[in-house]
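Whenever a hint applies, use it, and build me the whole structure from the sequences.
Line order of the protein sequences matches chains A and B. Residues in the first sequence are numbered from 10 upward in steps of one, following this note's numbering. Residues in the second sequence are numbered from 208 upward in steps of one, following this note's numbering.
It is possible that some hints are incorrect.
[Said to hold, decoys possible] Chain B is faced by these chain A residues, among others (derived, beta-carbon under 7 Å):
| # | residue |
| --- | --- |
| 1 | P25 |
| 2 | D34 |
| 3 | S46 |
| 4 | N147 |
| 5 | V149 |
| 6 | S150 |
Simulated from the structure, these hints should not be mistaken for laboratory data. Each residue gets a CB set at the ideal place from its N, CA and C atoms; glycine is no exception.
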Amino acid sequence: MSGLIKKLFGTLTQKPWEKEQMAMDSLHEGKTFNISSQKSAVIIIFGIATVLFSLVFTAYLYTIPPEQDTMYLLKPNLLWINTTILFFVTYFFGKITKDLEKKETLKIKKNLIIVGGLSYLFLFGQTIFWFQLMQSGNYVSTNTYFSSFYFFTALHGLHLLGGLFFWGKVTSRVLKLNNSEILDEEKNISALSLYWTYLLIVWIAFFLMIYLFNDSFIAWCKSLIS
Amino acid sequence: MSEDFKDSKAIQAQSSETISSGAGSSSPDLDYVRPAEVGDQDLYHGHSFITKWVFCQDAKVIGVQYFCLATFTGIIGLILSWLMRLQLGYPEAAGFMTAEHYYQFVTMHGMIMVVYFLTALFLGGFGNYLIPLMVGARDMVFPYLNMVSFWMFFVAVGVLLASFFVPGGPTGSGWTLYPPQAILEGTPGSGMGIILMCVSLILFVAGFTMGGLNYLITVLQARTRGMTLMRMPLTVWGIFTATVLAMLAFPALLVGSLMMMLDKLLGTSFFMPTILKAGEVLEYGGGSPILFQHLFWFFGHPEVYIVALPAFGIISDLISVHSRKNIFGYRMMVWAIVIIGALSFFVWAHHMYVSGMNPWFGFFFATTTLIIAVPTAMKVYNWILTLWRGNIRMNTVMLWCLGFIVTFVNGGITGIFLGNVSVDVPLSDTYFVIAHFHMVMGIAPLMVIMGAVYHWFPLVTGKFLSEKLGKWHFWLTFLGAYSIYFPMHYLGFIGVPRRYFEMYDSPYMTSAVGMNEFISTAAFIVGAAQFILIYNIIKSLKIGKAAGKNPWQANSLEWLTPTVPPEHGNWGDRLPVVHRWAYDYSVPGAKEDFITQTTPPSEVTDSKVEKT
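See below:
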């Protein structure tokens with residue numbers, strides 16, 4: 010981060026009209042960061058998604074009325090299972106990244122399919138979880154807590170579906186390639202891996218703040234304001 | 208995959224090699240440029256009419272598509288403003304219009320002009336056309352995504368306009384769409400109207416995100432050799448920073464629109480408090496309408512700068528080219544753009560002074576609002592100092608530039624009034640506010656658009672626009688706009704409220720009647736004057752004077768393509784190599800009064816670049 014800030018300020022203080030700077034600038038290759046366009050896109054999407062989810066969190070905290078009791082909330086075990094699945098997805102993506110680094114391409118196809126399968130399993134689990142909530146009488150309009158809960162999980166699911174769309178495109182290409190050619194897709198695969206890591210981070214934030222420690226989190230936020 | 212550029216990797220050459228074949232005096236050391244390390248971009252070339260002009264992946268065509276569609280929606284916005292002014296100035300002639308119609312026109316006019324006209328035109332139109340050309344790229348980095356971005360915008364406009372034809376008509380809740388009234392019965396368009404508005408905004412944001420990704424990554428990662436960030440023209444800096452703002456601000460609009468749709472369709476209460484209606488308690492409860500205001504203005508205020516920053520960048524380049532001087536304080540101009548962009552996220556609640564916020568918040572937001580005036584004023588000074596002792600060409604482009612500076616200062620000063628809580632409270636919801644924001648983010652950016660159209664039309668079409676018609680267009684717009692908005696400040700001072708269908712009968716209102724008639728007449732003339740441009744474009748396309756290469760003798764890369772207008776891929780078989788910034792005008796010792804960005808140092812060894 011400090012490197013980025015240094016680079017940014019270093020750039021902004023350049024004097025492009027001076028001869029010494031001109032000589033240096035003429036050696037510039039044209040790229041600002043030494044990463045692929047795909048990875049750049051994922052990082053920018055992180056930025057946008059971070060703002061989006063932060064706003065959802067803020068709205069959640071803003072709309073929980075002081076009198077609303079959040080202790081009674083149903084906490085079925087399924088969400089733990091779904092969270093574990095998401096950890097497994099990240100684990101398998103980690104394996105893929107390591108294989109790419111070592112240029113060992115034998116297991117990449119299999120692991121990519123596992124990643125997609127587990128992600129769809131996660132979405133299936135989330136849908137079941139919604140049904141469990143609804144069966145227990147907790148609908149999207151029941152109170153503002155559940156409105157935020159459904160809203161957040163829906164947005165996270167859509168975010169995952171967006172990732173799965175690109176996973177489908179990359180995987181279908183990879184499956185057609187020989188093992189020796191898979192390294193050509195390295196940029197796309199590592200961008201996907203980064204994307205899923207971010208999905209896990211957002212999910213953990215949600216899981217801790219809105220699900221696991223929702224009462225103490227709200228109490229802490231209220232104490233900050235008071 | 209491109210066939211045309213497949214061999215280009217092999218013939219990427221250092222500029223020194225290029226020069227030595229044509230100019231024997233060049234010095235290889237002086238002009239040394241690092242060989243290309245990045246492979247050339249593969250492009251998809253359309254072969255049918257559909258892939259060349261409709262579902263096209265060329266950023267220039269997409270830019271023109273954005274421009275045309277945004278102009279079309281802008282004309283609808285203009286017609287709506289005429290109808291509003293007809294009602295306000297000559298209510299007896301507007302018998303067909305009900306109060307509901309009026310509110311719907313107000314709402315649609317506001318949303319269309321801010322989002323679907325100005326934002327789409329600056330970022331989608333100018334961004335797409337100019338970014339790849341100005342940074343020396345063949346195209347945007349993700350051309351397919353770029354094409355999808357435009358078609359999402361197209362669908363968003365379609366959905367928005369469809370709301371005119373659904374039962375109940377479009378939403379009439381004001382362009383700010385404040386709940387709870389936006390979704391409750393009694394407000395025009397509270398059924399399908401508001402739903403279509405939200406859907407359209409969601410589509411717009413999704414589409415823009417795809418385009419924005421392209422703008423950012425193209426600027427950061429796909430510049431040509433020698434094009435450092437601090438050698439980029441200010442137009443690119445403005446569009447780049449505005450895109451960053453948009454990427455961070457539009458999620459707030461997205462979240463607000465989604466939540467409001469859920470409130471409307473699924474009965475959630477994100478923005479809905481407990482409400483009594485005709486003695487009955489509605490099913491809503493627990494939500495906060497103020498939350499929507501925060502979300503809306505967290506988007507809404509940066510939106511002002513999403514429009515203004517590209518305008519700042521473009522005007523800087525136009526002034527520099529047409530006064531034949533380097534831009535005064537280039538670094539300061541870049542810093543000002545970045546600082547304004549950053550500060551724009553800390554001022555949103557100045558739109559909410561009357562929402563009952565804690566006075567300390569008001570104090571905080573008033574302070575941040577007034578701080579923004581500092582970098583903004585720096586920019587104005589620098590524009591004036593660029594003009595100072597310049598070899599000014601008093602052409603249509605320059606007239607629009609001068610018109611912009613005056614109008615922007617005018618609107619900016621009234622912004623300082625409204626930024627102070629104690630002044631804002633009595634002026635809030637009066638015509639003073641209308642006059643302020645139309646001056647600063649309506650007319651001022653419009654003048655930049657017009658200047659930019661007259662400036663870059665020769666690049667896009669190879670023809671000049673008629674100067675004579677251009678000057679008529681300018682003077683009618685400039686004088687007409689002041690005839691509209693100067694009196695409006697007075698209306699605000701005497702307390703005439705905004706968003707009133709008709710003025711109630713009171714002694715002080717009578718003085719506003721004549722003024723409203725005058726304003727409406729001026730609005731009709733100014734609106735009609737815009738069609739001069741359309742006539743000028745059609746006429747110039749048919750019989751306009753051929754412009755040739757680089758007709759304004761500018762330095763930036765967009766004018767240096769091998770063909771004019773530039774073809775797909777922009778640069779033929781060889782990417783340009785940049786040796787300097789874009790502002791070497793009237794350099795002492797140089798043969799001509801401009802040194803293009805691609806001119807190698809060996810060709811201008813006797814020149815002395817002035818420090819600013």
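I'd like to know which numbered hints this structure contradicts. Please list them from smallest to largest.
Violated hint (a single one): 4; every other hint is consistent with the structure.
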